[in-house]
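**Q** The chain contents come next:
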Amino acid sequence: MEYIVIVIGAVLVNNIVLAQFLGLCPLFGVSSKISTAAGMGGAVLFVMTVASIVTYLLSNFLLEPFNLMYLQTITYILVISSLVQMVEIILKKVSPPLYQALGIFLPLMTTNCAILGVAILVFQQDLTLLQGVVFAIAHSIGFTLAIILLAGIREHMDLLDIPKGMKGNPIIMVTAGLLALAFMGFAGIV
Amino acid sequence: MNQAKNFTKGFVRENPVFILMLGLCPALGTTTSAFNGFGMGMATLFVVLMSNIVVSIFKDFIPNKVRIPSYIVIIASFVTITDLVMEAFMGALHAELGLFIPLIVVNCFVLGRAEAFASKNTLFSSVVDGVGMGLAFTMALTMLGASRELLGANAIFGLQLIEGDGMLVFILAPGAFIALGYLIALMNKLKKD
Numbered sequence: 034m035e036y037i038v039i040v041i042g043a044v045l046v047n048n049i050v051l052a053q054f055l056g057l058c059p060l061f062g063v064s065s066k067i068s069t070a071a072g073m074g075g076a077v078l079f080v081m082t083v084a085s086i087v088t089y090l091l092s093n094f095l096l097e098p099f100n101l102m103y104l105q106t107i108t109y110i111l112v113i114s115s116l117v118q119m120v121e122i123i124l125k126k127v128s129p130p131l132y133q134a135l136g137i138f139l140p141l142m143t144t145n146c147a148i149l150g151v152a153i154l155v156f157q158q159d160l161t162l163l164q165g166v167v168f169a170i171a172h173s174i175g176f177t178l179a180i181i182l183l184a185g186i187r188e189h190m191d192l193l194d195i196p197k198g199m200k201g202n203p204i205i206m207v208t209a210g211l212l213a214l215a216f217m218g219f220a221g222i223v
Numbered sequence: 003m004n005q006a007k008n009f010t011k012g013f014v015r016e017n018p019v020f021i022l023m024l025g026l027c028p029a030l031g032t033t034t035s036a037f038n039g040f041g042m043g044m045a046t047l048f049v050v051l052m053s054n055i056v057v058s059i060f061k062d063f064i065p066n067k068v069r070i071p072s073y074i075v076i077i078a079s080f081v082t083i084t085d086l087v088m089e090a091f092m093g094a095l096h097a098e099l100g101l102f103i104p105l106i107v108v109n110c111f112v113l114g115r116a117e118a119f120a121s122k123n124t125l126f127s128s129v130v131d132g133v134g135m136g137l138a139f140t141m142a143l144t145m146l147g148a149s150r151e152l153l154g155a156n157a158i159f160g161l162q163l164i165e166g167d168g169m170l171v172f173i174l175a176p177g178a179f180i181a182l183g184y185l186i187a188l189m190n191k192l193k194k195d
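Chain order of the listed sequences is A and B.
Letter by letter, the first sequence follows residues 34 to 223 in the working numbering.
Letter by letter, the second sequence follows residues 3 to 195 in the working numbering.
Every clue listed holds true.
Okay, derived cross-link-like pairs now, BS3-like style, lysine-lysine, Cα gap no bigger than 27 Å in a straight line: (1) B:Lys-11 x B:Lys-193; (2) B:Lys-191 x B:Lys-11; (3) B:Lys-67 x A:Lys-126; (4) B:Lys-11 x A:Lys-197.
With the Cβ distance kept under 8 Å, some of the chain B side facing chain A (calculated, not the full set): (5) Cys-27; (6) Leu-30; (7) Ile-74; (8) Val-75; (9) Leu-105; (10) Ala-187; (11) Lys-191.
Treat the hints as calculated values from the structure; they're not laboratory data.
All of these numbers come straight from a predicted model, not from anything done at the bench.
Heads up, the beta-carbon is just placed ideally off N, CA and C, and yes, glycines get one too.
Can you build the whole structure from these sequences, using the hints too?
**A** Structure follows, in structure tokens:
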């Protein structure tokens, strides 16, 4: 039951992008087509889950016992950037088309605040390892959901007649705002 | 490049938030009021200035291949300093900004200045660039915070202008996106003139 609450809370109620404002760069950068948006979601799912596990073990068995918590930010970011590098090498070998499609946004995942944010949240909320894993997976599903929804709307928006001053970024922002408004409707269900 | 131009470029023409769309997460996440936006901007200003200085000094010693990880470690050190200092001396603001203080380390705006400017320019230009860009970032966050506070709570910097509650939606998440959308449209207009 508690896992269901974590999942619904992370995906719908406290959506990482639309309610917590984490991971906005890929949200606006990779959301012009549904297929690349979904690829990005998959990559985030993998990195976020593994990063949460590694940082959980590091902070609980290394940093806290030795009173090194002030090194948290530095350690976490190093773990994440080496993981991203690893994903890059693996993807290049295993699936070159996806590697090509994600392009610059793959290395930029190091600076995706959603990943560092979730790793820190897992620690701050005192979750167990299993809860942390569910928490990370649920948050990356929420991320993927938001980015695919926005990509779908943007694909339609290309064909619409938008006022000149609002073309480009402004209208995307307002669209994301309306999407966030819709997600607010889920507030209170968990 | 002349230094005055270097200093002012961030305010409108290359504004990090409104034009370059960098550092959006803190820009939207912390600007529930003008003061919070200002505090977040100042914290980022310190980090970007210090990392610009260090990167600029060590630019000839950092091997090209590992420059991004090196920059990130430099930035992370200053973020840790900011985090601890703010926790000690500005408890209320630190609690309000919460997660977004450690997240300065992944603010693409800070890394962007290190990579695009400080790694190629002299120490003095990098200091000017850091202060100018940091102030521009602070200005953008304060503007966004002020407009959200004005619409959402009828107040500015905590000073109540009109009695009543205002449109609460602007304090909540959706209002952040919508307010930023209109501010970007406004900035695009200013940039053209």
